[in-house]
Amino acid sequence: MATFLARAAAVPQDRPRLPLGQRLALPEGLVPLLRRIGWMLVSVGCFAGLWELLWALGIADAKLLPPPHIFLGNLAEQARFFNTAQRWQIGTGMNTGPSPAMAVLITVLASTGRVLAGLALAASLSILVGVAIRYVVLFERLTLPTITLLAPVSPIAWLPVAIFMFGIGNAPAIFMVFIALFFTMVLSTIQQIDGVNRNYINVARTMGATKRQIYARVIVPAILPGLLAVLRLNLFGAWMVVLVAEATGVGYGLGQVIMLARNTFNPSLVFFTITLIGLLGFAFDLLFRLVQRRLLYWLPRDAGSSLGL
Amino acid sequence: MASDPASDAAVSCRGVVKVWAAGTARAHEALRDIDLTVRPGEFVVFLGPSGCGKSTLLYLIAGLEPASGGELLAFGEAVTGPSPERSLIFQETSLLPWLSVWQNVSFGLSLKGVSEAERRSVARAALQRVGLAEAFDKRPDELSGGMRQRVAVARALAMRPKVLLMDEPFAALDVQTRQKMQDFLLDVWRDSGASVLFVTHHIDEAVALADRVVVFTARPGRIKTIVRNDLDRPRDPFSPEAEALRRHLTELLRDEVDRAFAEQEALV
Numbered sequence: 001m002a003t004f005l006a007r008a009a010a011v012p013q014d015r016p017r018l019p020l021g022q023r024l025a026l027p028e029g030l031v032p033l034l035r036r037i038g039w040m041l042v043s044v045g046c047f048a049g050l051w052e053l054l055w056a057l058g059i060a061d062a063k064l065l066p067p068p069h070i071f072l073g074n075l076a077e078q079a080r081f082f083n084t085a086q087r088w089q090i091g092t093g094m095n096t097g098p099s100p101a102m103a104v105l106i107t108v109l110a111s112t113g114r115v116l117a118g119l120a121l122a123a124s125l126s127i128l129v130g131v132a133i134r135y136v137v138l139f140e141r142l143t144l145p146t147i148t149l150l151a152p153v154s155p156i157a158w159l160p161v162a163i164f165m166f167g168i169g170n171a172p173a174i175f176m177v178f179i180a181l182f183f184t185m186v187l188s189t190i191q192q193i194d195g196v197n198r199n200y201i202n203v204a205r206t207m208g209a210t211k212r213q214i215y216a217r218v219i220v221p222a223i224l225p226g227l228l229a230v231l232r233l234n235l236f237g238a239w240m241v242v243l244v245a246e247a248t249g250v251g252y253g254l255g256q257v258i259m260l261a262r263n264t265f266n267p268s269l270v271f272f273t274i275t276l277i278g279l280l281g282f283a284f285d286l287l288f289r290l291v292q293r294r295l296l297y298w299l300p301r302d303a304g305s306s307l308g309l
Numbered sequence: 001m002a003s004d005p006a007s008d009a010a011v012s013c014r015g016v017v018k019v020w021a022a023g024t025a026r027a028h029e030a031l032r033d034i035d036l037t038v039r040p041g042e043f044v045v046f047l048g049p050s051g052c053g054k055s056t057l058l059y060l061i062a063g064l065e066p067a068s069g070g071e072l073l074a075f076g077e078a079v080t081g082p083s084p085e086r087s088l089i090f091q092e093t094s095l096l097p098w099l100s101v102w103q104n105v106s107f108g109l110s111l112k113g114v115s116e117a118e119r120r121s122v123a124r125a126a127l128q129r130v131g132l133a134e135a136f137d138k139r140p141d142e143l144s145g146g147m148r149q150r151v152a153v154a155r156a157l158a159m160r161p162k163v164l165l166m167d168e169p170f171a172a173l174d175v176q177t178r179q180k181m182q183d184f185l186l187d188v189w190r191d192s193g194a195s196v197l198f199v200t201h202h203i204d205e206a207v208a209l210a211d212r213v214v215v216f217t218a219r220p221g222r223i224k225t226i227v228r229n230d231l232d233r234p235r236d237p238f239s240p241e242a243e244a245l246r247r248h249l250t251e252l253l254r255d256e257v258d259r260a261f262a263e264q265e266a267l268v
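Chains as they are written, first to last, in full-length UniProt numbering: chain R, 1 to 309; chain B, 1 to 268.
Worth flagging that the hints you see were computed from the coordinates, not collected in a lab. Treat the numbers as computed from the prediction; the structure is a model and nothing was measured. A couple of the hints might just be wrong.
[To be verified] Derived BS3-like pairs (lysine-lysine); straight-line CA-CA distance at most 27 Å:
| # | chain 1 | residue 1 | chain 2 | residue 2 |
| --- | --- | --- | --- | --- |
| 1 | B | Lys-112 | B | Lys-180 |
| 2 | B | Lys-180 | B | Lys-162 |
| 3 | B | Lys-112 | B | Lys-162 |
| 4 | B | Lys-180 | R | Lys-211 |
| 5 | R | Lys-211 | B | Lys-224 |
[Said to hold, decoys possible] Simulated DEER-style distance windows between Cβ atoms:
| # | chain 1 | residue 1 | chain 2 | residue 2 | range |
| --- | --- | --- | --- | --- | --- |
| 6 | B | Ala-27 | R | Pro-32 | 31 to 37 Å |
| 7 | R | Ala-216 | B | Ala-125 | 44 to 50 Å |
| 8 | R | Leu-296 | B | Ala-125 | 58 to 64 Å |
| 9 | R | Ala-283 | B | Leu-267 | 55 to 61 Å |
| 10 | B | Ala-125 | R | Leu-295 | 52 to 58 Å |
| 11 | B | Pro-66 | R | Pro-152 | 38 to 44 Å |
| 12 | R | Ala-151 | B | Leu-186 | 38 to 44 Å |
We put the beta carbon where it would ideally sit given N, CA and C, even for glycine.
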């Protein structure tokens, strides 16, 4: 012990220990980002490692709970089940058609496109309807009770309606995403409008603003941050709904792959698709935050961790 | 021309009454029988305990709320709604956070469709007047509380108001900043020539700023008395005359605060 202390004291202490980022001369802002990425890898690594360990010990049965190295190990095998509908449409067999990566990409893009279309539709229409409800009293009286009644209905209940109305294809999936978000977003638009700082509105009024100017120049910008926050919370909901819609015969997409995996008892395919969906949701959230930051330039930068890794 | 005092006055109230939620079970009388005449260029401070309706009177004069009774005139014309001639400055920051400082200052002009070049030059002049020319391109959240209130004053000045209505504008500021802001406001008042109606519950502010102090009673708000403040400007807050005025106002207010307390205890 004494010798250890003596040796520790002998280490030259004349150079102060700088933080790692400064010693490596990394650009400012990159260090926290790298640290977050590092912790994310550790977190996911622990989870995957535990799974692998359970498999190695023979506790996790590879036929039911195949560990990551198995379901991520063979892209070509997994990709056979992707983009199947399109292959049937163009009459190619299971082993011909696009390359494995392409097949996965086509499926991913199909689901992503549906989510984006549904989100865009729901966001723009719900803001429009919400503002109209507060702007025109008669419109409120005619629509708000119905919207409030329909808001708590689970989007799953709308699934048959989507199929009756739109058959199969992209339309019912987009409709499902839309319906899952629309009613709650109308209600939250109204809530945001009612919560706008009275001072902002009174300032505009004393400056002689018309009702239309108050809405366009004050209320809409003032509710934008709150609305985007609500939209972001609903992003994951949109992904869940689109998978359900695809699983029940929309045609193709990640939801359909999951259903296929279930019907053919293919746990590897299930976990592979879950991984894809997780990564996609994560990427969506990241992108959304970047858009949010660009759009809401006036909010302080440190409001919420910037990239949320 | 026979001069009617009401039409010469910047603001004239005759028997003004305000009842909130009139006709419902929650109806309560905020203001009763307010008679007040403010001359052009006069600095009038409304002083009273919180909840006495002094801010409500300011909102009525601004035209943001309708009076429930009585007559309310500005330069001889009935007040029926807000007007850029009567600018209101709020206690809390009221700058629009998505606009830059100069865009905030010229917001009223942009509502009228004034060209950007003209808006910029008006904003520049108004900001120069409040000593914040260098903040032109900044965002409101980059400024301190005192600077934000100066921008709010600049925004009001950009509309060339004849009456400046101020609702406890310096209440959220620390004591030192508040003192600076009072001097600043007196400068602005002197070269704008506008009347100022200034709401506060700080006796020191009334002593430092007012030509006349309107003391309010607690609910319903009535004018208890109007005290002239003829102290020479620039004022020394520690002169014997200022001390005497401060004591006088303190005694007037104490009765009202006591009454308000007694009422609140009776409610519990």
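Evaluated hints:
For the proposed pair Lys-112(B) and Lys-180(B), the alpha carbon gap of about 33 Å is over 27 Å, so the pair is violated. Using a Cα cut-off of 27 Å, the hinted pair Lys-180(B) and Lys-162(B) holds, with the two alpha carbons roughly 24 Å apart. With a CA separation close to 19 Å, the supplied pair Lys-112(B) and Lys-162(B) stays within the 27 Å bound. Using a Cα cut-off of 27 Å, the hinted pair Lys-180(B) and Lys-211(R) is violated, with the two alpha carbons roughly 37 Å apart.
Of the pairs offered as hints, the one joining Lys-211(R) and Lys-224(B) is violated, with about 38 Å between alpha carbons and a cut-off of 27 Å exceeded. One distance hint, 31 to 37 Å for the beta-carbon pair Ala-27(B) and Pro-32(R), is violated here, with the actual separation near 56 Å. Under the hint 44 to 50 Å, the C-beta atoms of Ala-216(R) and Ala-125(B), about 27 Å apart, miss the expected range. Judged by the Cβ atoms, the range 58 to 64 Å given for Leu-296(R) and Ala-125(B) is violated: they are separated by roughly 31 Å.
Judged by the Cβ atoms, the range 55 to 61 Å given for Ala-283(R) and Leu-267(B) holds: they are separated by roughly 58 Å. Remark: the range hint 52 to 58 Å for Ala-125(B) to Leu-295(R) is contradicted by a beta-carbon distance near 32 Å. The given range of 38 to 44 Å is respected by Pro-66(B) and Pro-152(R), whose C-beta atoms sit roughly 39 Å from each other. Take Ala-151(R) and Leu-186(B): their Cβ atoms lie about 55 Å apart, and the range 38 to 44 Å is violated.
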